[in-house]
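With chain A fixed as given, assemble chains B and C onto it according to the hints.
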Amino acid sequence: MAANRDFLVSRLFLKWGRVVLKVLLVWALVTSAGWAASPVPKVGGVLNAMHREDPPSLSIHEEATISTNWPMMPCYNNLVLFDPLRAQESPDTIIGELAEKWEWQDGGKSLVFTLRQGVRWHDGQPFSSKDVKYTFDLVREAPGVTVRLRVNPRKAWYSQVVRIDAPTPSTVIFRLKRPQPALLMLLASGYSPVYPAHVPAAELRARCVGTGPFKLKEYRPGELIEFVRNPDYFVKGRPYLDGIRFIIIKERGTRIAALQAGQLDVTMPQEGSKTASEQLKKAVPSLVVVVASHNINDNILVNFKRAPFTDPRVRRAVSLAIDRRGYIQAVRQGGALVGGSMQPRPWGPWGLSIDELAGLPGSGDPAKQKAEARQLLAEAGYGPGRPLRIVVSTRAIALYVDQATYVIDQLKQIGIEATLEQVETALWFPKLTRGEFELGANLTGLGADDPDANFYENYVCGSSRNYSQYCNAEVDRMIDVQSQTLDPVQRRRLVVEIQKRLELDAARPILGWSLDYYVMWPYVRNLVPHQSVYSYARFQEVWLDR
Amino acid sequence: MSADLRRFAQHNPLGAIGGVIMLLTLVAAVAANAVSTHDPTRTDAAHTFLPPGSSHWLGTDHLGRDIYSRIVHGARISLAVGITCSGLGGVVGGLLGLLTGYGGRRAELIMLPVLDVMQAFPLLVLALVMTAALGPSLVTVIVAISVPLIPRVARVVRAMTLSIRETSYVEAALAMGANSARIVLRHILPNTMAPLIVLATAQLGSAILVEAALSFLGLGVPEPYPSWGRMLSVSAAEFAVRAPWVVIFPGLAISLVVFASNLLGDGLRDFLDPRLRI
Amino acid sequence: MRAYLARRLGLAALTLVGMSVVVFVLLRVAPGNIVDLVFQSAGYVDLAQKQRLAHELLLDRPIAVQYLLWAGQILHGDLGPSYRYGRPAWEIVRPRIPVTIELAILALLVSLAVGLPTGIVSATRQNTGADYALRVFSLAGLSMPAFWLGMVIILVLVRVFGWIPSMLYVSAHTDLRAHLLLFLFPALAAGYRSAALISRMTRSSMLEVLREDYVRTAWAKGLHARTVVSRHALQNALLPIVTVIGTEFTFLIGGLVVTETVFNLPGVAKYLVEAILWRDYPVVQNLVMFIAIVVVVTNLAVDLLYARLDPRVRYG
Chain A
6 MAANRDFLVS
16 RLFLKWGRVV
26 LKVLLVWALV
36 TSAGWAASPV
46 PKVGGVLNAM
56 HREDPPSLSI
66 HEEATISTNW
76 PMMPCYNNLV
86 LFDPLRAQES
96 PDTIIGELAE
106 KWEWQDGGKS
116 LVFTLRQGVR
126 WHDGQPFSSK
136 DVKYTFDLVR
146 EAPGVTVRLR
156 VNPRKAWYSQ
166 VVRIDAPTPS
176 TVIFRLKRPQ
186 PALLMLLASG
196 YSPVYPAHVP
206 AAELRARCVG
216 TGPFKLKEYR
226 PGELIEFVRN
236 PDYFVKGRPY
246 LDGIRFIIIK
256 ERGTRIAALQ
266 AGQLDVTMPQ
276 EGSKTASEQL
286 KKAVPSLVVV
296 VASHNINDNI
306 LVNFKRAPFT
316 DPRVRRAVSL
326 AIDRRGYIQA
336 VRQGGALVGG
346 SMQPRPWGPW
356 GLSIDELAGL
366 PGSGDPAKQK
376 AEARQLLAEA
386 GYGPGRPLRI
396 VVSTRAIALY
406 VDQATYVIDQ
416 LKQIGIEATL
426 EQVETALWFP
436 KLTRGEFELG
446 ANLTGLGADD
456 PDANFYENYV
466 CGSSRNYSQY
476 CNAEVDRMID
486 VQSQTLDPVQ
496 RRRLVVEIQK
506 RLELDAARPI
516 LGWSLDYYVM
526 WPYVRNLVPH
536 QSVYSYARFQ
546 EVWLDR
Chain B
695 MSADLRRFAQ
705 HNPLGAIGGV
715 IMLLTLVAAV
725 AANAVSTHDP
735 TRTDAAHTFL
745 PPGSSHWLGT
755 DHLGRDIYSR
765 IVHGARISLA
775 VGITCSGLGG
785 VVGGLLGLLT
795 GYGGRRAELI
805 MLPVLDVMQA
815 FPLLVLALVM
825 TAALGPSLVT
835 VIVAISVPLI
845 PRVARVVRAM
855 TLSIRETSYV
865 EAALAMGANS
875 ARIVLRHILP
885 NTMAPLIVLA
895 TAQLGSAILV
905 EAALSFLGLG
915 VPEPYPSWGR
925 MLSVSAAEFA
935 VRAPWVVIFP
945 GLAISLVVFA
955 SNLLGDGLRD
965 FLDPRLRI
Chain C
3 MRAYLARRLG
13 LAALTLVGMS
23 VVVFVLLRVA
33 PGNIVDLVFQ
43 SAGYVDLAQK
53 QRLAHELLLD
63 RPIAVQYLLW
73 AGQILHGDLG
83 PSYRYGRPAW
93 EIVRPRIPVT
103 IELAILALLV
113 SLAVGLPTGI
123 VSATRQNTGA
133 DYALRVFSLA
143 GLSMPAFWLG
153 MVIILVLVRV
163 FGWIPSMLYV
173 SAHTDLRAHL
183 LLFLFPALAA
193 GYRSAALISR
203 MTRSSMLEVL
213 REDYVRTAWA
223 KGLHARTVVS
233 RHALQNALLP
243 IVTVIGTEFT
253 FLIGGLVVTE
263 TVFNLPGVAK
273 YLVEAILWRD
283 YPVVQNLVMF
293 IAIVVVVTNL
303 AVDLLYARLD
313 PRVRYG
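Residue numbers (my numbering), protein chains in the order written: chain A, 6 to 551; chain B, 695 to 972; chain C, 3 to 318.
Keep in mind that the hints were calculated from the coordinates and are not lab data. It is possible that part of the hints are untrue.
What the hints assert, rightly or not - Straight-line C-alpha distance at most 25 Å; calculated SDA-like pairs for lysine to any residue:
| # | chain 1 | residue 1 | chain 2 | residue 2 |
| --- | --- | --- | --- | --- |
| 1 | A | K373 | B | D733 |
| 2 | A | K287 | B | D733 |
| 3 | A | K279 | A | P290 |
| 4 | A | K417 | B | R736 |
Extracted from the complex, chain A is given alone in its bound form (with noise of 0.2 Å):
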């Protein structure tokens, strides 16, 4: 019988000794079809990454630019971030950084975050929740703090933070005035670093000192930013390159030549423009062309305290008479969207639909509105005997020339003669705030895809970033409430209602949403363009594939 038995065995053991190795076949299989379509990050290499020019300085708080957050946001770390490697921004892809969790308490008053232990600033000094709140109330300007920043674009975003508490070292609660349900979004913006609070605010515009996967090694004015590896990182195992150089070319054409010829990998955000795309992917059909929505609009700024643009006949002619299609095809070759004054769909989740749209000025048919416009303007007392002569200001920049070079054409179809006044950088925003200027044609950047970060800054009565002085209370309390609306549904009603007003107000039309056409290398890898320019420079989870 134990011939049997051993018979019986060995049938068995060969029996589901197929079934093992079949399993074991398709184990491998998919393994295999995985490793082939995600590929293991190598570590290792030096991403040429292009900049356009000096950053006016290394301070992220200080500054309202690309061309300081895109090398700088690799130095530092913030409580929270958008998700790197997605490219939609919502409240849904926010991940934590030095924050390990996060919770809204008392009814949306609190927002309490416990933070990361073990982190260490690039000095070495320990990583705390004191620096989390040094940071904070030096850029909403507490009471009691007597060190300033040199400027402070930003301070209006903390406007509803009462106080910020740090009860122990791993632990920091901000204290809200009211629910603002955007904070979170406002805090995950690449404009919102965490300082170290034993470093001078003023030392940064010129050094970096953060908790950051990458340490500046130097930075030569006009030539390049340099980045090493920041070997105590608190992410094992990131970043996985070895540096960054950040590779300063002022010339246009240059830049594009650069990349090019494989001396640059990677575009900068917002330099991306359509034709040079369509040129490169030509010329090396193996580079990857990311389409991504910049978060910048297009506008028309139009000054309300100066005649005639006191007359509200005379601000919708001159929103009616500029064809936003035409707009976009001629100065932005195509690469454009148009929309209200949040970024259109599907960009971004806040704005107007096509049918919202529909009705607004720039929106129909461009014939019919110009004759609307060149009869508003009749209404007003301007004709073709009596013309509307005014000056459009704008900066000694070819794409904001060419903005004004369109709209003026546009207004001279409906009989207004306007000439062109161009403003050298430094004379522009003195001369826009003290409200020098008839009608400006202008770039408004967002920095984070969020009804707060738009409004307040600049369609709020006063606001200092609100050149137009454009002054509705409805509207005003009508973002108010947006802002203290949890229910994202209630508040998407809201903000639509908000940007429609604005439009029909013409407090500041808006012409299009510029597109960016981000060109990179093949090797490149997991670099994920984001819709706006300002949050993805993180740089902790690329890798080069060589």
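Same frame as chain A, now just chains B and C:
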């Protein structure tokens, strides 16, 4: 006068060609509206980057504007700047040169260091600082380019004045009791006209080139004046590969006009005094 | 001779002081200063902060006081801070100086290497096809905008070869070959114009001299053509050429501004434009003074060289 012209054309064909081109450019500039086919500032979103063809002789740019018409109107600006600057430089420089050459020790002591200082600045650098100081406008650009030209003219005129002052003609006139003003007007001025004309024609080319460089750097004649230099500036570099005509024709226009003014200057120099070395 | 030298040096010093005053005043007359610029990137201007900043940077004192303070600083060897970068201005300017000097020298060499031979050939073969061709070539060089030439060169390089010179500066120690390649095309672009001028100058000067009696005597004596040209004609033709090189150098510096910008070389000239646009007063002043010193020294050297070459010229 016409006999002189004929002689000039005969002996200096290249110079004559240069003169003809300059004349044609002048005519185009003056009659710009008649000569152009479209409104140079009219944008046309539907027809951007059209290659040269029957409707747009030299094609259209990134805003759909007709390049031929922009070049014709640009001739106005470039020539206006060029002629005004070299004219101003010539007149002011000539006067200063006469003064310094004839005025004696005291005039020299005051004027020479001033002229030296103005001349020590490279043309473009001084123009840059002045444009930055005065803000970009047509007037600023003209002033900024004329000022560096003045000392260069003054030097030459001074040298000529000095040498003429020593000649026997002037000695004789002085002996006959002529006063300074008469001497300057009668003897010195006519003899400095020839090198002055040659110099002015040469400076015309320089003025146009400097204006182009200023526009390239963003500090030149602002919109809406269509300036050749600005048509070549930063944004043009971006479109150069896709639509080369946007960059080629303005560059050719500048080169051609400057080339012609140099040819004319050479021809005039050979014609008026072949031994002149400027 | 000594007296002449002393007087020239004195005049040179006076010129430099004059230039410093002109630049100083011009910059401060210009509307907009660094304080305005600091705010521009933030997109707004806060008047109280602006005043505080202006006071910090000494910009609210009268111009004469500012100039005296600056002059005092310079005489102590302190070139002041860069408003833009917050570092000592000298620290920013110093690494750029060798780049511009190298480019200027290389451009000059190119212009001599191209200009002299073409001028001689043009002169000795006057009114032949070669002469006309060379004259057109040199005239074209004088007519072309320098930055256009640079742009075209880069476009052609990238289109045909898929390669452009390095955008990052490579020093000679690190990689000599890359370093030379880096300067090759900018030197060509910048030198073309000077080559044209030198060629024309050489041609007309040689023509002059070739007609002189002593040259005709040399021909008559049956001397070899090359001896005539090199020993007699060229030496005398050299004088006005040397003068032209002196004045041309000034223009060359201007040409370097656009060449450095197009080819992205980190030199003094390119940085000057940026500093002007940024109203970085200390840096602009330093750079312009540096250029002025170079120009004045070059002119002096040229005049002295002139004296050496021409025994007829005597300075007293």
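So, going through the hints one by one against the coordinates:
1. A:K373 / B:D733: Given pair A:K373, B:D733 holds - Cα atoms ~23 Å apart, limit 25 Å.
2. A:K287 / B:D733: violated, 34 Å
3. A:K279 / A:P290: holds, 15 Å
4. A:K417 / B:R736: holds, 9 Å
In summary, the structure is inconsistent with hint 2 from the numbered list given earlier, while agreeing with all the others.
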